[in-house]
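**Q** The lines below spell out each chain.
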Amino acid sequence: MSLSLPEVKRVALLARIEITDGEAEAVQGQLNNIFKLIEQMQSVDTEGITPMAHAQDVVQRLREDRVSETDQHALYQSIAPQVENGLYLVPKVIE
Amino acid sequence: MINASLKQLATQLAQKKISSVELTQFHLDRIARLNPGLNAFVTVDAARSLAQARAADARIAAGKAQPLTGIPVAHKDIFCAKGWLTTCGSKMLANFVSPYDAHVVERLNAAGAVILGKTNMDEFAMGSSSETCFWGPVRNPWDRTRVPGGSSGGSAAAVAARMAPAAIGTDTGGSIRQPAALSGICGLKPTYGVVSRYGMIAFASSLDQGGPMAKSAEDLALMLNVMAGFDARDSTSLERPAEDYVRALEAPHTGDRAKPLRGLRIGAPKEYFGAGLGSDVGAAVEAALAQFEKLGAQRVAVNLPNAALSVPAYYVIAPAEASSNLSRFDGVRYGYRAPDYADLADMYRKSRAQGFGAEVKRRILVGTYVLSHGYYDAYYLKAQKIRRLIAQDFIRAYEQCDLILGPTSPNVAFALGAKASDPVEMYLNDIYTVAANLAGLPAMSIPCGFGEGGMPVGLQLAGNYFTEARMLQAAHRYQLATDWHLRQPAGVE
Amino acid sequence: MDWETVIGIETHAQLSTVSKIFSGAATRFGAAPNVQACAVDIALPGVLPVLNRAAVEKAVRFGLAVGATINRRSVFARKNYFYPDLPKGYQISQYELPIVTGGVIKIPFEGGEKLVHLTRAHLEEDAGKSLHEDFHGMSGIDLNRAGTPLLEIVTEPDMRSAEEAVAYAKELHARVRWIGICDGNMQEGSFRCDANVSVRPKGSAVLGTRCEIKNLNSFRFLEEAINYEVRRQIELLEEGGQVVQETRLYDPDRRETRSMRSKEDAHDYRYFPDPDLLPLVISAETIEQIRSELPELPQAKRERYMSEFGLSAYDAGVLTSSREVAEFYENLIRALGGGYKLASSWISVELFGALKRAGMEISQSPISSGQLADLLQRIQKNAINGKQAKEVFDAMWNGEGDAEAIIVARGLTQISDAGELEQVIDGMLAANSKSVEEYKAGKEKAFNALVGQAMKATKGKGNPALINEILKKKLAG
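Residue numbers (my numbering), protein chains in the order written: chain A, 154 to 248; chain B, 21 to 513; chain C, 142 to 618.
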């Protein structure tokens with residue numbers, strides 16, 4: 154399989170990465186090479202194999218419901234691009 | 021001094037032959053002298069390091085020293101360390117001063133180790149050559165026209181050039197073992213879940229694992245004793261009784277002094293010695309296998325039928341997880357925000373387009389694509405199934421043998437830029453390393469000779485789940501009988 | 142043409158935990174911006190989620206309370222999309238394997254009951270808030286709410302009118318509060334409904350294109366929004382237009398729904414199992430433990446009140462309108478050792494009347510079930526009559542102390558001494574010979590007049606039953 158230019162642009166949009174037409178063309182070639190490598194997966198029959206999502210076959214641990222965190226927003230916001238009155242500022246959100 | 025083991029350094033510190041401040045300053049001086057040519061460190065903060073060193077000296081004086089107390093350790097710039105610039109090799113985090121410590125950093129600090137500095141790496145650990153760094157490429161101390169391997173290339177070069185007695189790195193598809201091999205040092209990727217991922221900036225969550233990089237198996241054991249341990253803040257961290265990896269080193273497998281590895285069954289799967297393997301690397305690895313046999317190990321036949329599929333499956337799973345893990349870098353709460361943008365969507369697109377480098381963007385696109393509607397089953401799910409097949413291959417193989425030995429990388433360190441233009445050729449460097457990450461198994465690399473251009477060759481030792489102690493013991497025995505790990509590059513005296 | 146409305150409801154119920162679903166930050170409402178947004182909630186690089194036990198147990202509680210299947214193994218998945226109030230760029234939710242599947246809610250319907258079937262209920266984390274008041278053309282982001290545990294409860298498209306939808310929402314609301322998993326505060330967003338609305342020609346088996354309406358934080362808005370949306374869709378179709386599947390926002394001021402532009406860029410959430418969280422496995426023991434702690438549900442209580450206590454369906458309904466009311470009633474009859482109907486009428490008439498006038502919840506009642514029991518016991522013992530009891534009740538409500546003190550202070554003791562009453566009645570009869578004549582002449586009504594006179598003569602303190610008895614005797618003689 155190979156990605157069309159519109160597909161490359163659609164994926165870039167989904168990933169919120171600005172991409173120029175020139176970049177899209179360059180990336181298209183590289184992605185298609187990568188997918189040639191990936192296509193090798195199709196050579197093996199995986200019928201009935203359980204997908205493996207985790208490296209260890211263990212189950213989720215639960216934490217007790219108690220408050221362990223204290224207010225650190227001043228420290229956290231000291232590295233934020235733009236804050237005001239304790240809020241993170243972003244370009245207007247349209248709903 | 022530069023070739024002293026961590027144990028020897030600890031003894032000298034304990035006997036007050038040297039102070040931690042002196043030891044730290046000694047390495048800071050070496051960094052000042054050697055780093056400009058190698059670019060292994062991206063952040064050095066002498067004041068902070070020396071403050072830690074003074075505290076360590078006080079602790080030693082108070083008789084409260086632990087094995088690593090006062091010993092400087094280089095940290096891959098992927099570990100969050102409170103008050104330290106933590107950039108993960110990216111413009112996206114070029115200004116990110118971490119407000120908290122990773123679990124591994126907490127443990128090293130608690131042990132009294134000194135943070136010597138933050139080491140250079142491929143951006144977000146995506147690379148096998150340490151060339152995708154925002155801070156410029158790392159150079160191989162054995163030949164500065166060559167790469168040190170990646171992504172933990174800065175940590176590897178720092179130890180190889182003796183700028184640091186030991187370092188920490190992370191391994192998602194070989195990022196500890198491959199640079200260790202290409203830079204002529206030792207590196208260990210533990211069983212998934214043995215070292216907490218809390219505070220390790222995520223690349224591919226189900227594959228990432230932190231581990232030590234040092235000059236010898238013995239040093240690795242000392243480091244792992246401190247790094248390994250349960251952490252309630254990481255759901256994938258495993259609750260299990262603590263092991264003493266150092267003590268295990270001495271455990272003789274048999275009474276026979278000449279044959280300390282008698283009873284150890286080693287497998288060398290043919291899949292790791294086929295096409296694509298450099299003849300120089302192959303020769304060095306064969307010699308190492310012979311040495312293991314000489315030490316009493318017994319060679320048995322094993323095979324890993326799906327080995328060839330590990331790279332394709334890895335390059336679906338790792339980018340898929342990465343594409344989601346890296347979504348938090350949006351220019352809202354920290355990190356890079358584009359200076360000019362039309363609206364919110366434009367702010368996201370520009371910040372991420374400008375903040376991420378080419379390789380990271382490529383992998384985000386691949387990952388986004390394989391998870392997107394209509395492709396999930398054909399790619400992501402298929403890769404998860406192949407992942408299971410690969411894990412099953414190993415489980416079967418470990419019924420036949422205790423350790424799997426083979427090359428860590430198909431070739432020795434290559435020239436800077438040699439593979440930069442072709443991602444796929446770069447990815448194929450991981451052919452022998454990614455399987456351990458997919459299966460969650462422990463694996464390590466130790467020096468076993470030299471190949472083309474006098475560049476180091478790495479031997480990979482892979483074991484079953486939680487057999488780090490056994491692997492380290494075998495490697496230690498090999499290193500007691502050989503001196504490859506003691507060789508150091510020219511020009512770093 | 143005749144149209145049929147088809148409605149499915151998705152409810153986000155905020156689980157009443159003290160800490161967040163994946164972090165140890167507090168969930169208290171109304172804190173200053175971002176003070177309850179910890180490292181995990183703001184998604185600092187390197188942080189990881191760990192699941193809150195209480196959130197899991199409350200989800201199981203819900204499943205058991207609606208007769209659903211508790212999935213012994215469920216999986217957390219990432220729902221990927223970019224939004225400033227979503228710090229990680231993905232929401233941790235459950236997708237293919239939710240914790241709860243199935244279940245049913247019964248709603249009152251045309252005198253009988255209608256079943257609304259549940260598709261599933263799954264655990265997920267809430268997002269933060271975007272504050273749109275102007276910060277020089279920018280929006281402010283508050284992440285205090287990010288990571289608050291939610292149970293998303295999804296129904297089948299079983300409802301056929303706004304009224305049914307509201308009845309379902311109210312029943313669900315009562316249910317989650319009854320079992321103590323959600324405070325149900327709709328103003329604070331603890332219970333939010335989205336409605337999937339479509340219309341189709343009556344008799345058609347295929348579903349029409351649906352629109353999802355968001356931001357329905359009151360039952361009234363839910364009803365208004367659905368009715369508006371149904372009208373909109375029918376008009377659209379009758380003008381030969383087409384309904385586009387989209388997310389719409391209800392605007393309570395304009396009383397209309399409008400398309401949400403922000404949600405429009407072709408969605409692809411790229412769900413996949415969260416590699417940071419392992420499969421959630423719940424043991425049979427845990428499920429049985431939670432089942433054993435589950436309170437008796439309203440339905441069962443209602444039926445028991447009718448069969449055991451002989452209450453009417455209406456009274457049983459009133460007394461099970463909330464868990465607090467039922468508890469008050471059960472404490473009362475326990476103290477009385479019976480008196481089911483007496484207790485029932487005093488709660489539904491006197492107590493509810495007073496609460497309504499004062500605009501109070503039963504939990505705020507100044508009269509405890511113990512105090513009320515003390516009063517009702519005196520009625521049972523004929524120590525006071527109903528009229529006096531009401532007076533005592535009002536005095537109690539106004540904080541004049543308990544029944545004993547009030548009765549003494551106001552001299553509200555009932556005369557049940559036959560001798561004393563006979564004297565009074567003899568005097569009264571003498572003074573009312575006319576009525577006596579009328580009665581004897583067969584004018585039954587005159588008897589009541591005489592009773593009234595007797596009560597008057599005892600200043601209302603006479604025991605009515607005894608007065609009747611004595612009068613009959615004397616008039617017969």
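Worth flagging that the hints you see were computed from the coordinates, not collected in a lab.
Glycine included, every Cβ here is placed at the ideal spot set by N, Cα and C.
Hints may contain errors.
[Said to hold, decoys possible] Pairwise CB distance ranges, derived in the manner of DEER restraints:
#, chain 1, residue 1, chain 2, residue 2, range
1, A, 157, B, 510, 44 to 54 Å
2, C, 302, A, 173, 44 to 54 Å
3, C, 346, B, 441, 30 to 40 Å
4, A, 173, B, 441, 53 to 63 Å
**Q** Please go over all the hints and tell whether each is borne out by the structure.
**A** Going through the hints against the structure:
Range check, residue 157/A to residue 510/B: Cβ separation about 52 Å, and the 44 to 54 Å hint holds. The given range of 44 to 54 Å is respected by residue 302/C and residue 173/A, whose C-beta atoms sit roughly 53 Å from each other. Distance hint check for residue 346/C and residue 441/B: the Cβ-Cβ separation is about 59 Å, which falls outside the suggested range of 30 to 40 Å. Our hint of 53 to 63 Å for residue 173/A and residue 441/B is violated, since their Cβ atoms are close to 20 Å apart.
In the structure shown, a violation is registered for the earlier hints numbered 3, 4, in ascending order.
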